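S.K.: Below are the chains, spelled out letter by letter.
Protein chains: 2
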Amino acid sequence: MTLTGNMLIGQQAITGNREAIRAINPATGTVLEPAYLGGGSEHVEQACTLAQEAFDSFRETSLETRATFLETIAAEIEALGDELIDRAVSESGLPRPRIVGERARTCQQLRTFARTVRAGEWLDVRVDNALPERQPLPRADLRQRQVPLGPVAVFGASNFPLAFSVAGGDTASALAAGCSVVVKAHSAHPGTSELVGHAIARAVKESNLPEGVFSLLFGSGREVGVALVSDPRIKAVGFTGSRSGGMALCKVAAARPEPIPVYAEMSSINPVLLFPAALQARGESLAQGFVASLTQGAGQFCTNPGLVIGHQGPALDRFISTAARLVQQSPAQTMLTPGIFQAYEAGIGSLQELNSAQEAAAGLRGETPNQCQAHLFVTRAGDFLADPALQAEVFGAAALVVQCADDEEIRQVLEHLEGQLTITLQLDEADLDSARAMLATLERKAGRLLVNGWPTGVEVCDAMVHGGPFPATSDTRTTSVGTAAIQRFLRPVCYQDFPDSLLPTALKHANPLHLRRLLDGHREVLENA
Amino acid sequence: MTLTGNMLIGQQAITGNREAIRAINPATGTVLEPAYLGGGSEHVEQACTLAQEAFDSFRETSLETRATFLETIAAEIEALGDELIDRAVSESGLPRPRIVGERARTCQQLRTFARTVRAGEWLDVRVDNALPERQPLPRADLRQRQVPLGPVAVFGASNFPLAFSVAGGDTASALAAGCSVVVKAHSAHPGTSELVGHAIARAVKESNLPEGVFSLLFGSGREVGVALVSDPRIKAVGFTGSRSGGMALCKVAAARPEPIPVYAEMSSINPVLLFPAALQARGESLAQGFVASLTQGAGQFCTNPGLVIGHQGPALDRFISTAARLVQQSPAQTMLTPGIFQAYEAGIGSLQELNSAQEAAAGLRGETPNQCQAHLFVTRAGDFLADPALQAEVFGAAALVVQCADDEEIRQVLEHLEGQLTITLQLDEADLDSARAMLATLERKAGRLLVNGWPTGVEVCDAMVHGGPFPATSDTRTTSVGTAAIQRFLRPVCYQDFPDSLLPTALKHANPLHLRRLLDGHREVLENA
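First to last, the protein sequences are chains V and Z.
If you count the first sequence from 1, position 89 lands on 89 in UniProt numbering, and the numbers rise without skipping.
If you count the second sequence from 1, position 144 lands on 144 in UniProt numbering, and the numbers rise without skipping.
I should point out that these hints are in silico values taken from the structure, not numbers from a laboratory.
A quick note: this is a predicted structure, and the numbers were derived from the prediction, not measured.
Please note that the accuracy of each hint is not assured.
[To be verified] Computed footprint of chain V on chain Z, listed as stretches where at least three residues anywhere in the stretch have a Cβ under 8 Å from a Cβ of chain V: (1) 131-140; (2) 147-153; (3) 203-215; (4) 253-266; (5) 490-496.
[As the list claims (entries may be wrong)] Here are the in silico distance ranges between beta carbons for each label pair: (6) ASP497(Z) to GLY81(V): 32 to 38 Å; (7) ALA437(Z) to ARG134(V): 32 to 38 Å; (8) ALA510(V) to ASP500(Z): 23 to 29 Å.
Even glycine gets a Cβ: it sits at the ideal position worked out from N, Cα and C.
Please take these sequences and the hints and turn them into a complete structure.
M.R.: Here it is in structure tokens:
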């Protein structure tokens with residue numbers, strides 16, 4: 001298709017009337033056509049009106065209809081073919097294999113949510129049958145299911161132009177729950193967003209769903225985002241991005257006459273703990289694995305390992321010197337946008353000025369625009385504990401090694417950590433007792449704990465948690481990756497003494513959806529399940 | 001036991017040093033002994049330090065230990081015998097049978113959460129086994145469970161001195177989840193709170209739990225509450241009370257460096273829809289049922305039916321005249337506190353001054369202090385839609401009937417409603433189609449929908465939802481009554497490639513807790529379950 005530069009409000013292509021957004025190829029600095037004129041509050045109003053009109057019918061579509069709709073989106077994205085890959089590569093500077101892989105992940109994610117929708121466990125059906133003879137008072141017939149919250153606003157992320165943008169995890173999980181969605185595209189990849197937006201709009205049409213199920217807006221400043229989060233019809237917000245951006249949306253949402261939940265995935269430095277036996281036995285290979293994870297995708301993953309914690313001594317020194325050598329050999333890599341590159345450079349500059357940390361290595365310099373040079377810094381536990389600046393995320397391939405005198409200093413460093421998406425434990429058999437003693441603290445600090453792996457790479461599955469205590473996310477009770485993400489967009493409703501004909505299908509006495517209900521205090525076992 | 005007027009910080013009785021709280025018997029105006037000196041921020045600090053110290057070990061107690069602990073609290077409350085009943089009657093002005101029933105409900109609630117803890121479904125265990133051969137990338141072993149959020153602050157409610165105060169629903173669900181709890185007692189019933197607090201403290205000791213699992217603070221002003229919600233160790237808040245009180249706590253929680261969830265159950269007028277056929281066939285008995293629900297407990301239930309919606313005409317006129325006659329015959333009833341009585345009188349005064357509503361009836365006048373006179377008002381849909389004051393909760397036995405010209409006006413009134421805990425439908429067979437057409441709207445507006453019942457009386461069971469969209473609650477995703485309330489105090493953690501010996505018991509490969517896990521995308525069927 002020819003890119004038009006238009007927004008999508010339901011099935012209508014609408015030209016904005018605010019400042020134009022122009023994508024830039026960060027690898028060359030070239031400005032890409034077409035221009036995307038930004039929308040304004042009047043476009044938010046239109047999109048939210050449609051989203052609200054669509055909601056009551058979309059949310060009561062059958063599980064099969066909704067699952068097929070998600071699968072149709074995946075098929076429509078795949079049908080975009082090389083045009084989508086080419087444009088996403090141009091707009092992100094990411095290598096082609098990465099974008100091809102991200103497309104696969106995006107489509108797998110949609111299909112995984114289709115499976116989740118069909119299984120229906122998310123409805124969490126609970127039935128307490130009437131007890132008319134109970135003393136001193138009879139019990140009514142009480143039935144509970146989950147219903148979707150309402151229209152959801154989704155903000156595209158810069159670092160996953162496919163998997164966490166227009167048809168990414170937030171959109172997939174909100175649609176799966178039965179929420180209509182209004183996406184504000186990330187300004188770094190408007191062309192990619194338009195292509196994917198049209199794929200979703202086509203799926204809406206093919207599935208005979210009301211057009212307001214999905215809209216796509218552009219906007220360069222704060223107007224569209226603030227209007228969207230403020231709109232009374234929007235009932236939840238999904239966001240992946242910076243801490244300042246996420247907190248700004250949280251403030252807008254909390255100040256509404258009716259506050260709403262914001263699921264903002266914001267900031268994490270993903271500590272890696274090197275336990276003594278592991279460090280002693282395989283410091284070299286740990287350094288290799290670490291630098292590979294650190295520099296993957298120019299360090300632009302939410303789960304990038306930005307902090308290494310270990311006992312000071314010869315083994316940690318060897319780890320540092322190996323990692324330093326590898327960092328020095330690391331080629332520079334194009335970052336996603338000029339803005340992200342500038343923020344990275346500024347963050348590195350601030351670290352270099354601190355007395356509390358020393359630079360151990362810098363990677364190869366870039367020769368084309370916006371190239372990120374990897375950096376490794378080293379500090380001591382005392383300095384880390386004293387200087388909050390050392391805990392700030394520098395988005396990109398930068399990491400800090402914290403040298404601790406003993407277990408007690410490690411414990412202090414762990415307790416001092418802000419909330420994290422991940423914490424990684426590198427350990428051998430002899431380290432197990434020591435790790436076990438820290439587990440309670442680690443569980444309080446992170447959403448995902450890994451043993452002998454690296455945090456980059458987030459599996460889309462039932463058991464994944466891509467979340468964690470603040471400021472990793474604004475809502476530690478949830479995950480933004482994996483099938484449990486559907487729960488972010490649901491609320492329970494109880495039906496008391498409803499005649500069967502008035503009950504929603506999921507709650508009818510005959511259990512036509514064959515759900516494993518919680519029935520009078522016991523989980524049902526189904527014969528044909 | 002002799003009441004001491006002391007707070008409980010862990011196992012220690014501590015005398016406050018701020019302004020004294022003195023309970024008043026609202027039925028007589030008598031001041032009750034002893035005085036309860038208020039605590040200050042230093043006591044909050046002590047209680048939160050203990051709560052944090054207790055948390056890591058309490059949260060990893062076995063399911064059996066925690067369930068037995070909840071049952072021990074129930075037994076200790078029952079062991080308080082008549083002393084508890086007498087004091088609660090004196091402090092609340094509530095009739096003795098009501099308090100006896102509330103004690104039974106409180107203990108049943110604790111025992112129901114014990115059953116829930118033992119069943120372990122709340123752990124929501126998800127296992128995705130490793131797929132080392134998968135292409136293009138292998139999958140790690142990923143396991144998820146729910147862990148408790150951390151220490152929880154609970155604010156006692158005025159209207160349930162037992163079931164929603166010191167050992168009430170919020171405390172029971174937070175302890176069930178594995179959170180330590182710091183309660184701020186409601187100043188209306190400090191003696192009841194001290195008695196129940198000691199029962200919990202005894203159960204803590206008998207169960208060999210760390211003392212910081214439970215503390216009880218008093219405070220007459222904002223100091224204790226604000227310090228508690230602001231304390232960095234507190235990770236969630238449970239509150240039942242006024243809209244202004246709940247919103248104040250939400251603001252404090254949102255302004256923390258690390259914002260935390262507040263579960264505030266605040267304000268609901270619990271609309272009752274009278275459908276035409278039902279109104280025609282049984283208007284008299286509907287009026288009787290309505291006035292009985294309206295005046296129960298002096299109207300001091302969160303689910304008190306404060307709004308009636310019906311088609312104008314002779315049938316509704318008959319309903320109104322019958323209800324008016326019954327209201328006029330209603331004896332006055334003692335309210336919980338002088339403050340609540342004064343607020344009720346002020347609310348009625350405001351309604352009487354409005355031109356948009358007419359008073360249809362007032363109940364019998366009180367002859368002793370703080371007695372609530374029931375009131376019935378009538379308005380037209382147009383006036384209701386135009387005047388937001390008509391939707392404000394007047395806590396007590398006051399209700400408003402909204403006369404609607406047609407289905408369209410009823411639809412407009414429903415859409416205009418704020419979020420509610422309950423909406424009741426009075427309908428007969430001939431009304432079903434009409435009710436079905438409104439269901440989507442009703443589900444968006446309330447947490448519980450009832451057919452042909454009355455909203456007062458909230459069953460403690462699996463399927464109950466005592467929640468609803470704002471301002472009924474501050475978090476529509478949850479319930480404060482029923483076993484699903486445990487989910488308010490949990491967050492997911494994912495364990496990647498953990499050796500079995502390091503995994504928490506719930507996640508070990510052999511499934512020693514016999515949990516019905518979500519295993520590689522399918523729900524496990526257990527042989528001996």
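S.K.: Output the numbers, in ascending order, of every earlier hint that fails for this structure.
M.R.: 3 and 8
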